[in-house]
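Peer 1: Chains as they are written, first to last, in the working numbering: chain G, 1 to 151; chain S, 1 to 151; chain L, 1 to 80; chain X, 1 to 80.
To be clear, the hints were calculated from the coordinates, so they are not data collected in a lab. The beta carbon of each residue, even a glycine, is placed where N, CA and C say it ideally should be. Be aware that one or more of the hints could be misleading.
Unchecked claim - Here are a few chain L residues that face chain S, going by a calculated C-beta distance under 8 Å:
no.: 1; residue: Leu6
no.: 2; residue: Ala9
no.: 3; residue: Ser10
no.: 4; residue: Ala53
no.: 5; residue: Gln56
no.: 6; residue: Ala72
no.: 7; residue: Ile74
no.: 8; residue: Pro75
no.: 9; residue: Pro76
no.: 10; residue: Val77
no.: 11; residue: Ala78
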Amino acid sequence: MHSAIVERPIEAARLMTRVSDASCGAVVLFVGTVRDRNSGRAVTGIEYSAYREMAERELAAIVADAEARFPGVHLAVEHRIGYLALGEASIAIAAAHAHRALAYDASRHVIEETKRRVPIWKREHYADGTREWVHAGSGRAASAALPGAAR
Amino acid sequence: MHSAIVERPIEAARLMTRVSDASCGAVVLFVGTVRDRNSGRAVTGIEYSAYREMAERELAAIVADAEARFPGVHLAVEHRIGYLALGEASIAIAAAHAHRALAYDASRHVIEETKRRVPIWKREHYADGTREWVHAGSGRAASAALPGAAR
Amino acid sequence: MTVRVLLFASYADAVGAAEIHVDVPDGTTVRDLVAAVRARHGPDRLPPAPMVAVNQRYASHDTSVSAGDEIAIIPPVAGG
Amino acid sequence: MTVRVLLFASYADAVGAAEIHVDVPDGTTVRDLVAAVRARHGPDRLPPAPMVAVNQRYASHDTSVSAGDEIAIIPPVAGG
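The following block holds chain G by itself, in its conformation from the complex:
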């Protein structure tokens, strides 16, 4: 198993190589990338920041939990932080297992848990020159004055 917060481009193929071995007949790779629109606004890039030590700890815990929950799965996960342009990968998760159902389930579990609890934030940069922090789940950018849980 492998997990890391990185400040360089993610090499998804290397994560797949890390998890694959002769006993694994199925590999599922998830890649999350910066897309050009969110909530109807034209996005030019996203700036990811993290509470880095805690993010590394949470990501490692998610991977360890998943390997216990889906026995036999091999996992490798990297989340990138810093400024990412359109199309660049913010996260890649490679999950390998002898059987495909567990590879899919473990992959999905890791991305959902990552979005739920790893302390990483993103600020979208828009075509009109503005930028705003995004609060997951709300589907809306947060106002600077009263963010998050109070909304």
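With chain G fixed as given, assemble chains S, L and X onto it according to the hints.
Peer 2: Relative to the frame of chain G, chains S, L and X by itself:
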């Protein structure tokens, strides 16, 4: 969308590139590979054969159906035939969507439908020098004399 | 009429050919064709109700067969 | 005692600092600490019950805080 039966190594990264565009925030890649054991026997390789014209037609139909069933998904699928050594990819499915849930669901749908209806067969080669046709679902190799539906 | 029948994988091995030609009456069905193949090559060579494709599409055993059709008897598939 | 509090992302922007030091009585809880930060920096800067981590683990608002702890007030996460 893209689907093909090929007789050369599958380049999964190229399939991902094919499906990705700026509107897709999530890409799910599934790769099925030859593993070293099946039903307790040591496998050295697998020979895949197909009813090629029909297999191409069925695979194309599965991809078209999936793109209708999961609106907005982009799909690229290749299935390899011929002799594959341990670890080589027999199938790769790239699914991209603006949102991850549909990318996962479309990917899973395509692999399940492919296993269900594309006329491709495999003959496992074992470490002891024998080889046998495998009938999916049975979990057992088929006898040569009375295969398939009669069992 | 004479109908061309394709066999694959374990069925080709069992019958000893990847393609056979079978004489059947006009208007025969897939069911009758399969029965004719089993009668000629031995009932232990093919199951009584295998999957069959007519012109590269899965077909029911009630489907009528014409002389120019491409018939395939299809073992349980195992792709992926 | 003086407690070091880390702020991130929109909360750091709202308060105007990524790290602040807050004077609180010994034995204070996360709840009291958040109230002290809001009293000092303005109640419109942080929600009344944000997520908080103590020593890099999510903690309930009843958790007691010690002087050496690393406290972080955590906006809704948006990774992935």
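Peer 1: Closer than 8 Å between Cβ atoms is the bar; does L:Val77 clear it against chain S? Give me holds or violated.
Peer 2: 5 Å, holds
Peer 1: Less than 8 Å between beta-carbons is the criterion; does L:Pro76 satisfy it with respect to chain S?
Peer 2: With a closest approach of 4 Å, the L:Pro76 hint holds.
Peer 1: Taking the closest Cβ pair, is L:Ala78 under 8 Å from chain S?
Peer 2: Nearest chain S Cβ about 4 Å off; hint holds.
Peer 1: With 8 Å as the cut and Cβ atoms as the points, is L:Ala9 at the interface with chain S?
Peer 2: 4 Å, holds
Peer 1: Does the closest beta carbon of chain S sit nearer than 8 Å to the beta carbon of L:Ala53?
Peer 2: Result: holds, 6 Å to nearest chain S Cβ.
Peer 1: Just to be careful: measuring from the Cβ of L:Ser10 to every Cβ in chain S, is the smallest value less than 8 Å?
Peer 2: Holds, about 4 Å.
Peer 1: Classify the hint on L:Pro75 as holds or violated, based on whether any CB of chain S lies nearer than 8 Å to its CB.
Peer 2: Nearest chain S Cβ about 5 Å off; hint holds.
Peer 1: Using 8 Å as the Cβ threshold, decide whether L:Ala72 counts as touching chain S.
Peer 2: 6 Å, holds
Peer 1: With a cut-off of 8 Å on the beta carbons, see whether L:Leu6 makes it to chain S.
Peer 2: 7 Å, holds
Peer 1: Have a go at the L:Gln56 hint: is there a Cβ in chain S nearer than 8 Å to its own Cβ?
Peer 2: 4 Å, holds
Peer 1: Just to be careful: measuring from the Cβ of L:Ile74 to every Cβ in chain S, is the smallest value less than 8 Å?
Peer 2: Result: holds, 5 Å to nearest chain S Cβ.
Checked against the numbered hints given earlier, the structure satisfies every one of them.
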